[in-house]
Amino acid sequence: MQAYAAKLIDLIESKAENIAKQWAKDVMTHSRTPSYHSLPKDMVIEQGINFYRLFRRMSLAESPYEEAKTFSWKYAEEFYTEKIPLHEALYALILMRRNLWLYAEFQGTFFTALEKQQAVESLNRTILMFDYVSYQVTEKYQELAIGDANKRLGTIKTLLIGKGDSGKKSIYKIVLMGIFLIVACILTYYYHATLKTEGLFTHLFYIPIILASIWWGKKGVFVAVFLGALLLTGHLLFLKGMPFLGDIIRAIMFVVIGGVIGWLMEGIKKVEDLYKTITI
Amino acid sequence: MKAFVTKLVDLTQKNAETIAKQWAKDVKTNTRTYTYHDSSEDKIILQAKDFYRNFQMMFFHEAPFEQAEEIFEKYAEERYREGIPLHEAVYALILMRRHIWLYAEFQSMFNTEVEHRQSVESLSRTILMFDYIMYVITRKYWKIMKLEWLAKKNTQ
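Line by line, the protein sequences give chains L and A. Using this note's numbering, the first residue of the first sequence is number 1, and each one after it goes up by one. Using this note's numbering, the first residue of the second sequence is number 1001, and each one after it goes up by one.
The shape of chain L in the complex, shown without the other chains (with noise of 0.2 Å):
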């Protein structure tokens, strides 16, 4: 580290929590950095004071952009948390960079020619710093919004047997569901012919119902009209006579069950495509 940025850092260090006030000040009344306005106060300070500190730190690293990373992603993450938009996340770093050199101006630290040279080296320090914590702060608050958005379509993603429908995958869920219709045939026949019987094993159909529905959206419906005309069928053939009134109703819930689960589940794809833009 050059010996024209000491002063400044030596400055910060000392002052670090008069600057991280003032900082705070102006970042919780800003008309840019709205939702600072209601945190609690300590909390900010504390943040200013952690970057403030930064500076020392990055001056004796060997490696100064990982070094911003122990403020940038634990910045990230506090804001994130607290939904502060990223912008204005971003806007409250430019805002503690100003204070700093406000605060450098206000005490008189450059003022002689050599100190106004001494001034442009710290500038261009503490910029690149600045540069280096913008863009760790970005690609965080991104990294954050798509693990947020991951742990909430976790549970979908598991019941969607990966993304796409391409390849293994894709077989692998055809030969499922035909097991399944075999399955529900069986059971309709052994049912309606042997027993004589409606019975309770149409519940079961509501399986291959909602995983068809999961795995291609409103195509899934198809699974939910063949299990409804498969049951009506039943009846027609082999339960002359009783009333048929009950298994209508059943029919037409599989075939409402399937739509609206095969309609949310296109609406959640989307929002599955939409974070993939994100991240890219």
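Hints listed in this document are in silico derivations from the structure and should not be mistaken for laboratory results. Predicted, not measured: the structure shown is a model, and the values here were computed from it. Beta carbons: idealized from backbone N, C-alpha and C, even for Gly. Keep in mind that a hint or two might mislead.
[As the list claims (entries may be wrong)] Quick partial rundown of chain A residues pointing at chain L, CB under 10 Å, derived from the structure: (1) Arg1032; (2) Leu1086; (3) Ala1089; (4) Arg1139; (5) Lys1140; (6) Met1145.
[As the list claims (entries may be wrong)] Cross-link-like lysine-lysine pairs, in silico, PhoX-like; alpha carbons within 20 Å at most: (7) L:Lys151 - L:Lys83; (8) L:Lys21 - L:Lys41; (9) A:Lys1028 - A:Lys1043; (10) A:Lys1143 - L:Lys83; (11) L:Lys219 - L:Lys269; (12) A:Lys1143 - L:Lys270.
Put chain A on the given structure of chain L with help from the hints.
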């Protein structure tokens, strides 16, 4: 203010193509702007030239923030549609600013005592403009993301 900072902006404007080429070379190899690596060089040079031209307009405008909103929201939208992640778009901006300064240093623009004072003024003003640009671009990116989310929700 104008007297102090004109020199830097004039230099940037006159040599926009050279600075844009240097920036393009940097952004196409920098590990923090990975998505730019496969972009056409001509296309991104043009992008930077436009940026520097707009930057000059904004620099001398009476209301630079409002001007930034007018110009750079469109820039953000274009980068978003091109599939540039926000953190890379931010870093590309940082590199744009750095290249203005590198070029000025290379040309030994600020040598004398008076020039050193001017350089502090120029640097401060340039930083302020880039701060506005960065804020506007980040805000627009998140707005588009939100709008797309809502649009997709409504088409369900």
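What hints, given by number in increasing order, does this structure fail? none
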